[in-house]
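Position chain F relative to chain S; hints supplied.
Just so you know, the protein sequences line up as chains S and F, in that order.
All the letters of the first sequence, read from the start, carry residue numbers 1403 to 1517 under my numbering.
All the letters of the second sequence, read from the start, carry residue numbers 125 to 235 under my numbering.
Don't read these hints as lab results, they were simulated from the structure.
Honestly, I wouldn't trust all of these hints.
[Stated by the list, open to error] Mimicking BS3-like on lysine-lysine, the simulated pairs with C-alpha atoms at most 27 Å apart in a straight line are:
#1 S:1426 - F:192
#2 S:1426 - F:178
#3 S:1480 - F:222
[Stated by the list, open to error] Stretch by stretch, here's where chain S covers chain F in the computed footprint (C-beta under 8 Å, at least three residues):
#4 164 to 170
#5 222 to 231
All C-beta atoms in this analysis are idealised placements derived from N, C-alpha and C, irrespective of residue type, glycine included.
Now for the letters of each chain:
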Amino acid sequence: DAGVIQSPRHEVTEMGQEVTLRCKPISGHDYLFWYRQTMMRGLELLIYFNNNVPIDDSGMPEDRFSAKMPNASFSTLKIQPSEPRDSAVYFCASSLATGLNYGYTFGSGTRLTVV
Amino acid sequence: DQQVKQNSPSLSVQEGRISILNCDYTNSMFDYFLWYKKYPAEGPTFLISISSIKDKNEDGRFTVFLNKSAKHLSLHIVPSQPGDSAVYFCAASAGTGKLIFGQGTTLQVKP
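Bound-form chain S, shown alone (with noise of 0.2 Å):
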């Protein structure tokens, strides 16, 4: 298996724009979760999906932030408008339900730079 594949791996993009970060889970896999890294709060959780179905966004920071998962093979993090307090690594993970307490499977992130 390829693991989780996050793309792009980077993004610049102008502040305003509309930003799409994309995520294919591993084949199985029952759950998917995106999370945001910055210094200051480490790795946080955004939101995370139990069979295509959202489960909990609590962690999504505003109106701004919007995530979808069609099917169960392919997921989106979408940023509109984006601002610069906005760039980060956005990772995706997932993992089997008897898997949890084992750990996810994360992606390599995709760095987002909003200038």
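Positioned in the frame of chain S, the structure of chain F alone reads:
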């Protein structure tokens, strides 16, 4: 409110010595704790975990200790190797499958 805290942003250790990374938590409902390791430009990878019913779990050079009364856990690496240089994240779960992470500690092991 940060439910999982790693108060030391960085730690430097000589090769061959012990590295001790610390983590504190506030939520008494947490029942599973994990450590992740992260190299630059890569995603975090699972290292070791411990259930709240235990106070120690060992895997090779890595040992995690849990002190529930103090709401504190630590990761010991013995002996430390230069390849252990990375960012280490502590994480906790309350059984929902949702992992709450700390801010991370950057470990540097000097040859």
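Results of checking the hints against the structure:
1. S:1426 - F:192: Judged against 27 Å, a Cα distance of about 37 Å means the pair is violated.
2. S:1426 - F:178: Violated, at about 35 Å.
3. S:1480 - F:222: 21 Å, holds
4. 164 to 170: Check passed, 6 qualifying residues.
5. 222 to 231: holds (count 7)
When held up to the earlier numbered hints, the structure conflicts with 1, 2 and fits the remainder.
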